[in-house]
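**Student:** Sequence:
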Amino acid sequence: MKSLGGELNCDPDVMKPSATVPVDVNKVRPADIKVIAAMGDSIMVGAWSTNFLDDKSVFFPGNSFAIGGDETVHEHITLANILREFNSAILGASRGEGLYNTEFNVAETTPSEKYKEKIEEAISILRKNLNRTIISVVSIWNSQLTYDAASLIENG
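Position 10 of the sequence shown, counting from 1, maps to 9 under numbering that gives the first Met the number 0, and the rest follow consecutively.
Every clue listed holds true.
Under the rule of at most 30 Å between Cα atoms (straight-line distance), these lysine-lysine pairs were calculated in the DSSO-like manner: (1) K33 <-> K15; (2) K127 <-> K26; (3) K15 <-> K26; (4) K117 <-> K127; (5) K26 <-> K117; (6) K117 <-> K33; (7) K127 <-> K33.
It should be emphasised that the hints constitute simulated quantities derived from the structure, not laboratory data.
With the hints as extra help, turn the sequences into a complete structure.
**Tutor:** Now the structure itself:
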């Protein structure tokens, strides 16, 4: 199966890093992002997203739309590949197949009742280890979980 790639036609001046570190998430440019991470379920680890019919693995984190870093954006469109176009030193993108090379993708096939606990744990770790963090929570399947996580981030 062929991957879908694309071309980005963005104004380079708008995409370059900000002159000063933004304090407002609405001012963050793609090149300002230095680290990406993900947590979630089988969708986030690219389960069954094979590139070839004879692939042996069932997990393909390098293909994950959110954090997959296999190939370039010209060959495979993922958020990680798009961000890498503007910051080639970005950290955290998953690569390859299996669960051994997922970088900052800590997704697993956890029962849904454990997700809130895992998000709380992740946010706690980020707060302890980073002076200032802008966290973006994206949920494609559970709006209540997104609301819970956003409330936790906002209210501590």
